[in-house]
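Chemist: Dock chain F against the given chain R, drawing on the hints supplied.
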Amino acid sequence: MGVVISAEVLIFYAFAATALLGALGVVTLRNPMYSAIALLTCFLSVAVLFLLRHAEFLGIVQLFVYGGGIMVLFLFVIMLVNLYQLKELRLFLGQSRAAAVLVALMAVFFIALLAQVDFAPAFTNPEAFVTVEGEALGNSQAVAWSLYRDHLLPFEIASVFLLVAMIGAVVLGRKQ
Amino acid sequence: MTEITSTHYVVLSFLLFSIGLLGILIRSNLIVVLMSIELVLNSVNLNLIAFSYQLSDLTGQVFAVFTICVAAGEAAVGLGILLALYRLRQTTQLDQGTELRG
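Read top to bottom, the protein sequences are chains R and F. Letter by letter, the first sequence follows residues 1 to 176 in our numbering. Letter by letter, the second sequence follows residues 177 to 278 in our numbering.
Chain R on its own, in the form it takes in the complex (with noise of 0.2 Å):
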């Protein structure tokens, strides 16, 4: 009898192995075009990551607003700006090699840390997700209720925020 490995965690490693591989991408490519493909391939398996912890409002949101706007925004900036002399131009910056030692300092340090962290059962209360009122409904319903009704001033916030930061981009954006 071999070890019976479930779907959820074949999913998990599939999709985080192309999460980390889109990631190295955005990092490591040369054309800012490909990196835009790889940072889609990242928020993509990131959105399946999130279904599987029974976050299914935020997945489609995370298509939505990642995959939809934001890269759509990047992908037209960079047809705005001239790449062309792309071949020429240094890729890293000269601070690289110390940045690159320090993040694997740091990363090592806190893996390390985390390996030894050992979590409680996980999601001892599935209804929690989905309830509103005692009531099953859905995912987007129990989101819904908390944003707007315990965290209505943080919401409200927020769309200050966006207004602002729409104002600024328009401002930014225009012609002198």
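Errors might be hidden in some of the hints.
Coverage of chain F stretches by chain R, computed from C-beta distances (three or more under 8 Å per stretch; other residues unrestricted) [stated by the list, open to error]:
id: 1; segment: 187-196
id: 2; segment: 232-245
Residues from chain R shown here face chain F by an in silico Cβ test under 8 Å; the list is partial [to be verified]:
id: 3; residue: Glu8
id: 4; residue: Val9
id: 5; residue: Thr18
id: 6; residue: Phe50
id: 7; residue: Phe74
id: 8; residue: Ile78
id: 9; residue: Phe92
id: 10; residue: Ala99
id: 11; residue: Phe110
id: 12; residue: Val117
id: 13; residue: Phe123
id: 14; residue: Ser146
id: 15; residue: Leu147
These are calculated hints, taken from the structure and not from any lab test. Glycine included, every Cβ here is placed at the ideal spot set by N, Cα and C.
Modeler: Chain F in isolation, oriented as in the chain R frame:
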């Protein structure tokens, strides 16, 4: 290895964070630096979702919505700054925009 625990998610999220941080620190192209910032924010979301699941508490998911909102605003303003730099210098290389007064 037979089930996915919160440790898996936190380690993955930390690896994505490290790669994003590395991209911010070493790349000389501003477009790719902005993409790396998105990677970092995305890894934060992954962490929030993992602990939301760990604690069976919806607040983590709600907070991730706000993180996505901040990421969208940051991308818009960051790319606006990039276009302003490009208009001034005809480049997106960070090491060519070094003047304090221009």
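Chemist: All hints are to be evaluated individually against the structure, with a verdict given for each.
Modeler: Results of checking the hints against the structure:
Residues of the segment 187-196 of chain F with a Cβ under 8 Å from some Cβ of chain R number 8, which satisfies the need for three, so the listed coverage holds. Counting residues of the segment 232-245 of chain F whose beta carbon lies closer than 8 Å to any beta carbon of chain R gives 11, which reaches the threshold of three, so the coverage claim holds. Annotation: R/Glu8 was flagged as interfacial toward chain F, and the flag holds, the nearest CB pair being 6 Å apart, inside 8 Å. About 6 Å separates the beta-carbon of R/Val9 from the nearest beta-carbon of chain F, less than 8 Å, and the hint is met.
Because the smallest distance between the Cβ of R/Thr18 and any Cβ of chain F comes to about 11 Å, over 8 Å, the interface hint for this residue is violated. The closest approach between the C-beta of R/Phe50 and any C-beta of chain F is roughly 6 Å, which is under the 8 Å cut-off, so the hint is satisfied. Hint status for R/Phe74 relative to chain F: holds, with the closest Cβ pair at about 7 Å, below 8 Å. Evaluation of the R/Ile78 hint against chain F yields a held restraint, the C-beta minimum of about 6 Å falling below 8 Å.
The closest approach between the C-beta of R/Phe92 and any C-beta of chain F is roughly 5 Å, which is under the 8 Å cut-off, so the hint is satisfied. Proximity of R/Ala99 to chain F holds as hinted, the smallest CB-CB distance being about 4 Å (cut-off 8 Å). For R/Phe110, the interface hint holds, since its Cβ comes within 8 Å of a Cβ in chain F; the closest pair sits about 6 Å apart. Interface restraint check for R/Val117: the shortest CB-CB distance to chain F comes to about 7 Å, inside 8 Å, so the restraint holds.
The criterion of a C-beta within 8 Å of any C-beta in chain F is met by R/Phe123, whose closest approach is roughly 5 Å, and the hint holds. Checking R/Ser146 against chain F by beta carbon gives a least distance of about 5 Å; that is within 8 Å, so the hint holds. Of the supplied interface hints, the one on R/Leu147 holds, with its beta-carbon coming within about 5 Å of a beta-carbon of chain F, less than 8 Å.
Of the numbered hints listed earlier, the single one contradicted by the structure is hint 5.
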